[in-house]
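Q: So the chains spell out like this:
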Amino acid sequence: MSSKLLIPLHVSYIQKLGESKDDLAYHLTSHLRLNAIYWGLTALCVMGHQEALDREEMIEFVMSCWDDEAGGFGAHPEHDAHLLSTLSAIQILIMQDALDRVDVPRVVSFILSLQQPSGVFAGDSFGEFDTRFLYCAVSALSLLGRLDELDKEKTVGYIERCRNFDGGFGNVVGAESHSGQAFVCVAALAILDRLDVVDTDTLCWWLSERQLPNGGLNGRPEKLEDVCYSFWVLSALSILNKVEWIDANKLSSFILSAQDLETGGIADRPGDMVDVFHTIFGVAGLSILGYPGLVDLDPVYCMPAAVIEAKGLRKGWKALERRPADS
Amino acid sequence: MHGVKRTRQTADDIAAKKRREQSKIEEYLALTRDVLSRKKASDWSEDAFNLTTKLLQVNPEFYTVWNYRRNILLRGLFPQRTPEDVNNLLSEDLAMTMTALKAHPKVYWIWNHRRWCLENIPNGPGSQEDGDVAGWKKKCWDRELFVVEKMLDADPRNFHAWNYRRYVLAGMPVPRPETSELAYTKRKIEANFSNFSAWHQRSKVLTSLWSSDKLDKAKSREVEFELIRNAMYTDPDDQSVWMYHRWLIGSGDDQMLLEREISVIQELLDEQPDSKWCMESIVHYKLILIRNHSRSVDVGKLTGDCSTLLSQLQRLDPSRRRRYEEIAKNIDVGPR
Ligand SMILES: [Zn+2]
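Residue numbers (the UniProt record's numbering), protein chains in the order written: chain A, 1 to 327; chain B, 1 to 336.
In case anyone wonders, no lab produced these hints; they're calculated from the structure.
In silico DSBU-like cross-links for lysine-lysine, where the CA-CA straight-line distance does not exceed 35 Å:
#: 1; chain 1: A; residue 1: 4; chain 2: B; residue 2: 276
#: 2; chain 1: B; residue 1: 276; chain 2: A; residue 2: 318
#: 3; chain 1: A; residue 1: 16; chain 2: A; residue 2: 250
#: 4; chain 1: B; residue 1: 5; chain 2: A; residue 2: 16
#: 5; chain 1: A; residue 1: 315; chain 2: B; residue 2: 204
#: 6; chain 1: A; residue 1: 152; chain 2: A; residue 2: 318
#: 7; chain 1: A; residue 1: 154; chain 2: B; residue 2: 217
#: 8; chain 1: B; residue 1: 150; chain 2: B; residue 2: 204
#: 9; chain 1: A; residue 1: 16; chain 2: B; residue 2: 106
Based on the sequences and whatever the hints tell you, model everything.
A: Have a look at this one:
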């Protein structure tokens with residue numbers, strides 16, 4: 001157990017992720033490769049070590065995931081374009097200041113082609129639909145400066161129909177509220193300047209009740225805590241300016257207790273295997289909680305706040321004030 | 001990765017594991033290369049189809065391969081087959097995804113493929129004239145309900161399964177009466193009061209039944225209050241129950257109902273004097289009384305009650321202290 005975030009160890013953990021090609025699990029997760037690079041890079045940025053991964057190599061890899069038939073990015077070379085990986089590609093290229101490599105008009109038409117008559121977005125041409133993909137579309141269009149091409153009313157209408165009596169949102173109409181959907185729906189509404197759709201008091205009540213006695217947050221009532229929910233819940237709370245409604249110290253300690261002190265990386269909960277997904281969402285949570293020495297993270301886009309500010313896209317979210325490093 | 005325990009391995013262990021995995025990796029990568037190059041060459045053959053089966057059995061999250069598999073069916077296999085053969089092919093795919101779901105009940109791509117299969121079941125075996133045009137469809141969709149109940153028996157909170165259940169219920173060629181869903185959620189709730197997924201589903205079904213006048217709202221709401229009272233007394237710390245109660249109360253236009261429920265909860269609080277959820281709920285409902293019925297209630301007394309409870313809550317539930325403070329501050333400012 002450590003009460004400190006072991007930044008150098010996590011940086012080296014992320015650097016080594018690309019070196020595990022003799023590990024079967026590495027190959028079995030190729031469908032998440034571009035997402036994983038985005039998670040790793042964002043975690044490095046938040047820890048102030050963006051340079052720890054080679055920029056040119058990363059940009060080349062992203063471009064090798066371009067699916068020229070569909071006009072979007074797949075998760076890996078030769079994989080089909082999908083909204084999840086397309087958003088990751090755009091986020092990486094923006095963080096690396098290399099957006100000029102993208103054929104923006106084609107990506108925009110790929111994204112827009114996936115909107116359904118109901119307003120939700122499908123992830124790809126075969127049409128699984130979900131508010132996660134709606135968020136990917138809204139976030140990507142906004143980052144590309146092309147939000148004006150979106151049918152906003154239709155999009156907001158779908159989110160509104162996913163809202164439940166507990167103030168939360170489901171991944172489709174009729175579905176149970178889930179912390180992950182609180183992030184995607186609230187963040188999408190923030191980007192669309194439509195936070196009026198949120199029942200703030202009820203949702204923030206529901207979100208604050210995600211915190212369990214051990215400090216960790218769960219995704220739904222009567223479920224177990226998990227580090228990744230730190231970000232989903234905190235993101236929505238900070239967009240709605242209610243981070244104070246949970247106990248920040250207890251949550252920070254919970255996240256820190258899920259670190260692997262030997263190999264680096266953060267797990268879903270203490271004692272479990274670490275992965276890059278929980279590493280970024282643990283670090284992101286700590287950044288929102290004002291953990292000393294970290295870089296500000298924009299909870300709407302889950303990217304460094306300075307990058308979003310430079311693009312003029314900052315919304316009115318509020319994180320906890322960054323604490324000075326104690327000696 | 002979720003819920004995988006960390007194990008410490010020595011350098012020797014790691015080296016041994018890597019040696020063991022070496023041939024598996026080579027085999028997997030060779031199969032992947034084969035499938036993806038066939039995909040690139042628009043190979044819609046049965047051979048290619050069988051290779052996707054093999055690959056998806058190893059890695060059911062390979063969404064590109066699921067897409068390729070559907071394209072093989074659509075472009076290569078379906079056009080050459082009779083409707084009966086198409087029906088058989090899809091039934092086999094449904095069986096294959098069933099096996100995959102048993103091992104990976106939370107993989108979106110598998111559920112997604114299942115929906116696609118279901119939606120592509122052809123008309124038949126009969127014709128429009130003999131009235132059995134939807135025979136295959138009916139059989140498949142009925143079976144899906146059975147399948148999803150099995151999945152929910154294994155994990156009653158699996159939201160993929162609940163979503164799929166709603167999808168099947170909404171799409172069945174012969175819809176089931178919604179009242180049977182009410183019975184199903186009741187079974188689930190009685191098996192475990194903490195199953196918020198079932199409470200949630202129940203709220204959706206009742207909303208629909210009430211708005212279509214298939215059920216008398218006032219009467220059926222009383223039945224719900226009875227059910228929830230049992231749950232409240234069984235485990236007053238279970239938040240699912242309190243959330244459902246809040247839904248039942250609704251906007252709080254009914255002053256008598258609010259006052260009755262407040263006194264029911266007060267009784268429970270008297271028995272369990274440190275029940276956070278009793279206090280939290282009483283505050284919430286009394287604030288509604290102040291907001292909606294200020295002319296017919298004693299606002300001063302209610303305000304005082306709420307302030308007292310809120311300061312108790314701050315001590316009892318310190319993690320959410322700031323929320324209680326904020327609510328208390330807003331009462332002081334005056335009712336909205
Ligand atoms: Zn997680």
